[in-house]
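These protein sequences, in sequence, are chains A and B. Numbering-wise (this note's numbering), the first sequence opens with residue -14 and increments by one. Numbering-wise (this note's numbering), the second sequence opens with residue 23 and increments by one.
Errors might be hidden in some of the hints.
DSSO-like mimics (lysine-lysine), calculated; alpha carbons at most 27 Å apart, straight line [unchecked claim]:
| # | chain 1 | residue 1 | chain 2 | residue 2 |
| --- | --- | --- | --- | --- |
| 1 | A | LYS362 | A | LYS223 |
| 2 | B | LYS192 | B | LYS107 |
| 3 | B | LYS192 | A | LYS539 |
| 4 | A | LYS539 | A | LYS361 |
| 5 | A | LYS223 | A | LYS278 |
| 6 | A | LYS362 | B | LYS192 |
It should be emphasised that the hints constitute simulated quantities derived from the structure, not laboratory data.
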Amino acid sequence: MLKTTSRFLLACAVLAWSLNSLAQSLPPYNPVTNARLQNPEASNWLMYRGSYDSHGYSSLDQINTDNVDELRPVWSFSTGLREGHQAPPIVNDGYMYVSTPQNHIIALDARSGDMIWRYIRFLPDDLQQLHPTNRGVALYGDRVYLATVDAYLVSLDALTGEVIWEVEVEDYNSGYYMTMAPLVADGKVMVGVSGGELGIRGFVEAFDAMSGEPAWKTFTIPAPGEPGSESWPGDTWKTGGVPVWITGSYDPELNLAYWGTGNGGPWMGDTRPGDNLYATSVIALDVSTGELKSHHQYHWNDSWDWDEVSAPLLIDFERDGNTITGMVHPARNGYLWFLERQAAAINFVDAMPYVYQDVFTSIDPVSGRPEYDMSKKPGTGYEASFCPSLWGGKDWPPAAFNPQSRLLFIPANDNVCSTMIGEEIQYRAGRSYIGRGRSDNGGFFVRPGTNHVGELQAWNVDTGERVWTATFESQNWGPVLATAGELVFMGGTNDRYFRAFDASTGEILWQQRTNSGITGVPVTYTLDGKQYVAVQSGWGVDAQREQNLLNMVKGENHYVPQGGVIWVFALPD
Amino acid sequence: MTVSRRGKRAGTRVGNDTERRGIGQTVSRRTVFKLGLLGGIGLPLSALGQPADRMRPQPGDRLVFEEGPNQGELVRPELLELNQKPVSALAQDPETEVLRDGSRLNRVMITRIDVDAMGERYRDNVAAGVVAYSAVCTHTGCDVIDWDAKALNMACPCHESQFDIYEGGKVVGGPAPRPLAMLPLELVDGVVLVAAVFRGRVGFTQQF
């Protein structure tokens, strides 16, 4: 099946230049092993959330509440690109890898900020990018992996940027694309596909990390006859969406990867009557075989575009004096879900709203299944308003968890709501398959009497109680980093600030205004024993879409400049 | 190496756009200045010998409704209502009857406008009120399928770019950097024909 092409020889020509150009000053590359991924050293940031449990937490504490006000930029690097710079800088012993919109990878000397190599992907002219972004690379062995917006998985040499192989995961002409950082575990590279607005049938697929050979492929919508297929009428399963576009969490002991899944398509639930398994769920996949071992559906028959793609954080928490091997998910549907994970089951524990939510009327205490106020559920020809908005209480920006203080930090948006009406739509391969009509004011409104949208919330996972909330007039699209220095780092607001918060109070201890708004995932690492914090600043995608709507409904014209820059911060020597 | 799942290698598809013109390239810090040279890898294939269904609309082509109640019929002014939501149409070679549906970059959105209310410089591109614009947003390439019936603007559902169909597809909202390309039309024997190639570049522009 693998086919060598003449372009491989051309790639080798590039390789020769690249090898010549490698600076002798760079340290030897430290290969990324399964053992390192399972126990990542605090000095590096080897994957999307830093560790398989998706905590987004670092045990580094050189930068802490006492000295963070001295934090300053040490170098920066302009990507030369617009739109959403959402990827974390991935750091491995002095090498930094940053992916950007339009699928560039920039390899940098983490000490100096010098570029080592740059991969530039030529995207097809007829591609449509609903989400022009990329959320990071994965590392394994001496390779770098990139999932592309034209639905390829690319494996590159970490030292030279040479493309070793690439595989077409699906056909972009049929609406498939990829924006997530791949998940590497047990020698496999796993990716999920976007396209929930384009009539895809979602899946997660694994490839052998070295050869690129496909290992398994598990659809998020069962085919007729498979368990759950009864929840999709007729042929709706073929084009029902349910994308997977955020990196999964991984439990090495159970060898299970936990993936969040997106909404069904078209958007109106009445076009696909039924629960629509496994949409808006968490699914547990056996990394060896791809077998779907268990699932929990957060809400059924979605009609609100509430993708639940964020992978649950793997957190063991206390309930009634017992420790539950669990998972926690601040959901787009506005509820904070606590679940128990076992080898063959995911059990509901409890859930509570963390933003104003007017759709759920009750939650079954055993199954966790919500009941709806049906007047809040839009349908074909039926306009309904609901809160939170279609972007939910929390969209894709990841939450973080400090296992020492037991606090979960949620980048939330409250007090904004949507109005939607469905219209009939015909499926055509690769075309918009949303089926939403136009509503007044862009179908968006701010709850009267409220004074803010963005929030950073801190919750104690053992008590299930909110400890503090920091609020922002702006919407918040900031991924969160928590550190043992009792700090929380986050940008996300339309004033372009990157901030450090006191993790125990929510007080802002430090802030730096940057070139653009920050929707990038912040990371921290050390070089030669000194701690650094790095993040991309580069506003775009849905943060900008929400800005357009806020400008419209508020009668304002708030402008957020675009253009990506990698920022690196440290304390003075 | 490139692995194709369906036996077609990316990079071999034909198009006068740069679809699949090689997948990507890597530059080192010493070779950035050689980017132009490296750009020789995977140059766009020549338009010569391009399949007719992938060619952009050509002068003399007919237009055919791609959707709506008149799907499959030739576009005539009387089949369109004034200022109605634009519908998609495709060009068709009048001799071979080949429909140019081989690339989504060929698709246009058409409606009928009040020519007297249109900017003068654009009126020559209109055939008895029928106006055609590229269906592909200049921002990130999404289909411009929404319609603001009050402002009479075409709109993109992806990022809310809006285009004024009375002003040559001018950007009047959202992040799109360029107007929609306009397809000049003419009326011959009651049928709408393509008068000239697209005015403006179709699709989005890759940065960097």
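Tested hints:
no. : hint                : in the structure
1   : A:LYS362 - A:LYS223 : holds, 24 Å
2   : B:LYS192 - B:LYS107 : holds, 17 Å
3   : B:LYS192 - A:LYS539 : holds, 25 Å
4   : A:LYS539 - A:LYS361 : holds, 24 Å
5   : A:LYS223 - A:LYS278 : holds, 22 Å
6   : A:LYS362 - B:LYS192 : violated, 36 Å
Comparing the model with each numbered hint stated earlier shows that hint 6 is the single one that does not hold.
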